[in-house]
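Taking the hints into account, I'd like the entire structure generated from these sequences.
Chains X and L, in that order, give the protein sequences.
For the first sequence, this note's numbering assigns the number 1 to the initial residue and increments by one for each residue that follows.
For the second sequence, this note's numbering assigns the number 484 to the initial residue and increments by one for each residue that follows.
None of these hints come from the bench; they were simulated from the model.
The beta carbon of each residue, even a glycine, is placed where N, CA and C say it ideally should be.
Be aware that a few hints might be false.
[To be verified] Straight line, CA to CA, 25 Å or less: simulated DSS-like cross-link-like pairs of lysine-lysine:
1) L:K803 with L:K603
2) L:K576 with L:K694
3) L:K694 with X:K211
4) X:K93 with X:K120
5) L:K694 with L:K603
6) L:K639 with L:K782
7) L:K639 with X:K156
8) X:K120 with X:K320
9) X:K320 with X:K156
10) L:K694 with L:K639
11) X:K120 with X:K156
12) X:K211 with L:K639
13) X:K156 with L:K694
14) L:K803 with L:K788
15) X:K442 with L:K925
[Stated by the list, open to error] Far from chain X, by Cβ distances over 10 Å, these chain L residues were calculated:
16) D505
17) T547
18) V621
19) G813
Protein chains: 2
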Amino acid sequence: MEHSALRAEFVAAIGADAVLDDPVSLRSYECDGLTGFRVVPEFVLLPTDTAQVAAAVAICARHTVPFVARGAGTCLSGGSLPVAEGVVISLQKLRSVLEIDVENRRAVVQPGVTNLDVSKAVAEYGLYFAPDPSSQQVCTIGGNVAENSGGAHCLKYGFTVHHIHEVQVVLPDGAVTTLGAPSPHQPGYDLLGAFVGSEGTLGIVTRITVKLLATPTAVRTLVADFPSVEQAGDTVTGMIASGIVPAAVEMMDALALEAVEASVQAGYSLDTAAALLVELDGPPAEVATQFAEIEQLCKDNGTTKLVIAPTPEARAAMWKGRKAAFAAVGRISPNYFVQDGVVPRTRLAEALVRISEMADEAGLRVANVFHAGDGNLHPLVLYSEQAGEHDRAEHLSTAIAELCVDLGGSLSGEHGIGTDKACSMPRQYSDVDLATMTLLRKAFDPDEICNPGKLLPTPRLCGDRPGPHRAHPLEAAGIIERI
Amino acid sequence: MEHSALRAEFVAAIGADAVLDDPVSLRSYECDGLTGFRVVPEFVLLPTDTAQVAAAVAICARHTVPFVARGAGTCLSGGSLPVAEGVVISLQKLRSVLEIDVENRRAVVQPGVTNLDVSKAVAEYGLYFAPDPSSQQVCTIGGNVAENSGGAHCLKYGFTVHHIHEVQVVLPDGAVTTLGAPSPHQPGYDLLGAFVGSEGTLGIVTRITVKLLATPTAVRTLVADFPSVEQAGDTVTGMIASGIVPAAVEMMDALALEAVEASVQAGYSLDTAAALLVELDGPPAEVATQFAEIEQLCKDNGTTKLVIAPTPEARAAMWKGRKAAFAAVGRISPNYFVQDGVVPRTRLAEALVRISEMADEAGLRVANVFHAGDGNLHPLVLYSEQAGEHDRAEHLSTAIAELCVDLGGSLSGEHGIGTDKACSMPRQYSDVDLATMTLLRKAFDPDEICNPGKLLPTPRLCGDRPGPHRAHPLEAAGIIERI
Chain X
1 MEHSALRAEF VAAIGADAVL DDPVSLRSYE CDGLTGFRVV PEFVLLPTDT AQVAAAVAIC
61 ARHTVPFVAR GAGTCLSGGS LPVAEGVVIS LQKLRSVLEI DVENRRAVVQ PGVTNLDVSK
121 AVAEYGLYFA PDPSSQQVCT IGGNVAENSG GAHCLKYGFT VHHIHEVQVV LPDGAVTTLG
181 APSPHQPGYD LLGAFVGSEG TLGIVTRITV KLLATPTAVR TLVADFPSVE QAGDTVTGMI
241 ASGIVPAAVE MMDALALEAV EASVQAGYSL DTAAALLVEL DGPPAEVATQ FAEIEQLCKD
301 NGTTKLVIAP TPEARAAMWK GRKAAFAAVG RISPNYFVQD GVVPRTRLAE ALVRISEMAD
361 EAGLRVANVF HAGDGNLHPL VLYSEQAGEH DRAEHLSTAI AELCVDLGGS LSGEHGIGTD
421 KACSMPRQYS DVDLATMTLL RKAFDPDEIC NPGKLLPTPR LCGDRPGPHR AHPLEAAGII
481 ERI
Chain L
484 MEHSALRAEF VAAIGADAVL DDPVSLRSYE CDGLTGFRVV PEFVLLPTDT AQVAAAVAIC
544 ARHTVPFVAR GAGTCLSGGS LPVAEGVVIS LQKLRSVLEI DVENRRAVVQ PGVTNLDVSK
604 AVAEYGLYFA PDPSSQQVCT IGGNVAENSG GAHCLKYGFT VHHIHEVQVV LPDGAVTTLG
664 APSPHQPGYD LLGAFVGSEG TLGIVTRITV KLLATPTAVR TLVADFPSVE QAGDTVTGMI
724 ASGIVPAAVE MMDALALEAV EASVQAGYSL DTAAALLVEL DGPPAEVATQ FAEIEQLCKD
784 NGTTKLVIAP TPEARAAMWK GRKAAFAAVG RISPNYFVQD GVVPRTRLAE ALVRISEMAD
844 EAGLRVANVF HAGDGNLHPL VLYSEQAGEH DRAEHLSTAI AELCVDLGGS LSGEHGIGTD
904 KACSMPRQYS DVDLATMTLL RKAFDPDEIC NPGKLLPTPR LCGDRPGPHR AHPLEAAGII
964 ERI
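Structure follows, in structure tokens:
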């Protein structure tokens, strides 16, 4: 369809101020948190409510124009990367907390509200929203729903899907529906579960009823150093086997600790092979008992130093280090790929040894920062501008994700598949599994206009190239450009 | 298709012994736990493994013959009621525990294993399967998956969907796929969530990887009597507001207590308006502290008698009364309808008062037994053979379910929609909501051969009769016969 005619329809539906198509404005939407790729869209729309989102989507549907919903654009797998000659529907103007229901412990929010702002809005009632991705200060609830975001505390509290009662959704044809229900159980297909984590391919969420938890009455946090990652890993296995479910168990290796200290001075040790950050929360009596057990477990597994946060400020410093780890790696390497895979907890040590061998073979450094309790690895593959390093690093990063699958784990723990790993999906899923997912996709979006090219592999994007290393699908198809 | 030709195909695929079509055998499959309705199928098949289930389904698909999967047939909403001129695929021969993985706390079981047998198989390792429907001695895991079964302990532990890692499914075209994954998070559409609770309309589950929990180290149980249901209800609200999540909070009213005592002599009081059965489990220190708080809350709300189970045997007796309650009602009434609806916890007292008024208006007795912590009501509407009582009772039961929706709750908490409530679904869901669910149904089962007539309303079944009381859909369509 001709640009000006499409523009006129958008302007009539949502107003001229809400329709951007000048090159400078478009450029600010050309990439997301997946480094290295950019696509300039044809339009960026800034609707202000559900009716405007629905109107914009209905226009796209009528003319078979692809569209991509976007919150803060922090997605690490390219889930919010625009589509060329497509429309970006930004949800930044839908950022109100609409309702707080203290008695039933829930809040109704718009998708553009940031994760942390939900917790801030309800803090005065002693409540909070549990999922806590490291980007929580900037990432939006709508994006959390799209990606089924986790965070350091999802070991105990689960992922976003466990904290959503109901969503209002604009379907790819522009119809508005509600998935889920306010009561704990509802009949019919649980399309809320299928929608959460669908990476923007089934529609656009425009209102979210989140579940709130009571702020724990007691929280205790420690950092324990270990002379080897195996010993740290055995400590984690021991905790889980003893029946304790900590609020969080994070592991960092020597290179990650070095990067964090170079950046934020969290007080981590620089002379240790690995450190565990362990947090317990709950009723004081329970926390005290279990914390003693965990201290003993750390000692039994040869911890060389164990620091318990004496104050809330010290606790915040411990977390600041962990949450800043990805960014901190920039201090020790000009470039890096962030990987995200899951291995069964019992194969953690094996995975780390194999990653280390693979890094040596590739002549590259890998820093490991991860949610150890979940087996959710975040290897950071470091590389310089030196010829060939970028490609070797990308190859290694992909090989690590596929190693996770081969060990009985998963291609992604919480960052999503997006554009980044769509072509690796056949490594984890059978043809029938993928065909079954495609049934759902096509039922919701027969013309594939809703965030196309993300999540599911297609012959057009992935071709039939075998093996672990494939050219980036969108790049191979000439849709995106390498920076 | 002609009976003998279809029979020959089934026999060739799964053997003559596994194909039943004599009238006597067929009669034993004519109804399920939804009293009052029966349908004789054309065939009953008894496959022994996934390949045979897939072969049987493929034959049905090729000839567009409707089929219904069946476990123990305990469904209370007619979800496993056969379809006339259709096939029942019984999963009774798939009843092995295939694998127990203690380290990762999971087991792989076939669908015909009973709920309790899963827990029995892993008890020696200190593990158990948390969902505990009252029928757990006989109901099967496959049925639990189909209905997303709950139970008394789902307040703390959630429904079946929260305890399943992965299912192997035969799709309505006979293809075999896997939904979910062994690791805690997996990319792609969460079709596991959509499948669990789909009431047999999306395919047949043939293998289930269940999550196991560690048996709690401490359990304490009490029964507290109250002079009014409001005071019992306020006690429940007080517990939840204080941040305590008991393992179970069950309420019974005077009529339910009378029925239980007439049947199993659980030691409940007969001179009280309501009783709460409260159970706490977890680490001993936590249980002791919270149990004291709950005792105090009961006293603050005017409990007249509070009995703490002194021994495991006494605890078992308390539970035996509660779990036998539905059957026990047979002691005080020749017939009754079991209803299942959810109201927001904060509107529990209001719902009970209104149900009592509605019962008075109808000149009928209603016994209330329910999961109070969840707001999941199970009103039992009693009726005799007296002319007109059956219809008045059915009308009242339906009106109670729709009252739950009007109070902001749900048509069903755990018994499902099945044939029983399909025509009430528009009361809870908008046209777009139902159309969205139908998208999924049609994507999986375009010919609607997989458990047709269940869960979703159709014009053929429901017509356009307005109002809360509709003739039973399958009866109105001449498909089932009133006993």
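How the hints compare with the structure:
Distance hint between K803 (chain L) and K603 (chain L) is fulfilled; the C-alpha atoms sit about 18 Å from each other, no more than 25 Å. A C-alpha spacing of about 23 Å is found between K576 (chain L) and K694 (chain L), which places the hinted pair at or below 25 Å, so the restraint holds. Distance hint between K694 (chain L) and K211 (chain X) is fulfilled; the C-alpha atoms sit about 23 Å from each other, no more than 25 Å. Pair hint K93 (chain X) plus K120 (chain X) holds up; C-alpha atoms about 19 Å apart against a cutoff of 25 Å.
The straight-line distance between the Cα atoms of K694 (chain L) and K603 (chain L) is roughly 14 Å, inside the 25 Å bound, and the hint therefore holds. The hinted pair formed by K639 (chain L) and K782 (chain L) meets the criterion: a straight-line CA distance of about 23 Å does not exceed 25 Å. Proximity of K639 (chain L) to K156 (chain X) is assessed by CA-CA distance (about 14 Å); at most 25 Å being required, the pair is judged to hold. Under the criterion of a C-alpha separation no larger than 25 Å, the hint pairing K120 (chain X) with K320 (chain X) is consistent with the structure, at around 18 Å.
The straight-line distance between the Cα atoms of K320 (chain X) and K156 (chain X) is roughly 20 Å, inside the 25 Å bound, and the hint therefore holds. Distance restraint check for K694 (chain L) and K639 (chain L): the Cα-Cα separation of roughly 15 Å lies within the 25 Å cut-off, and the hinted pair is therefore satisfied. Of the supplied pair hints, the one linking K120 (chain X) and K156 (chain X) holds, its CA atoms being roughly 21 Å apart against a limit of 25 Å. For the proposed pair K211 (chain X) and K639 (chain L), the alpha carbon gap of about 15 Å is at most 25 Å, so the pair holds.
Proposed proximity of K156 (chain X) and K694 (chain L) is supported: the alpha carbons are some 15 Å apart, at most 25 Å. Our distance criterion of 25 Å between C-alpha atoms is met by K803 (chain L) and K788 (chain L), whose separation comes to about 20 Å. A threshold of 25 Å between alpha carbons decides the hint, and for K442 (chain X) with K925 (chain L) the separation of about 11 Å falls inside it, so the pair holds. Residue-level check passed: D505 (chain L) sits 36 Å from the nearest beta carbon of chain X, beyond 10 Å.
With a least CB separation of 19 Å from chain X, T547 (chain L) remains clear of the 10 Å interface cut-off, as annotated. Its beta-carbon lying about 22 Å from the closest one in chain X, V621 (chain L) satisfies the requirement of being farther than 10 Å from that chain. With a closest Cβ-Cβ approach of about 27 Å to chain X, G813 (chain L) is found to remain outside the 10 Å limit, as its non-interface label requires.
Taken one by one, the earlier hints all hold for this structure without exception.
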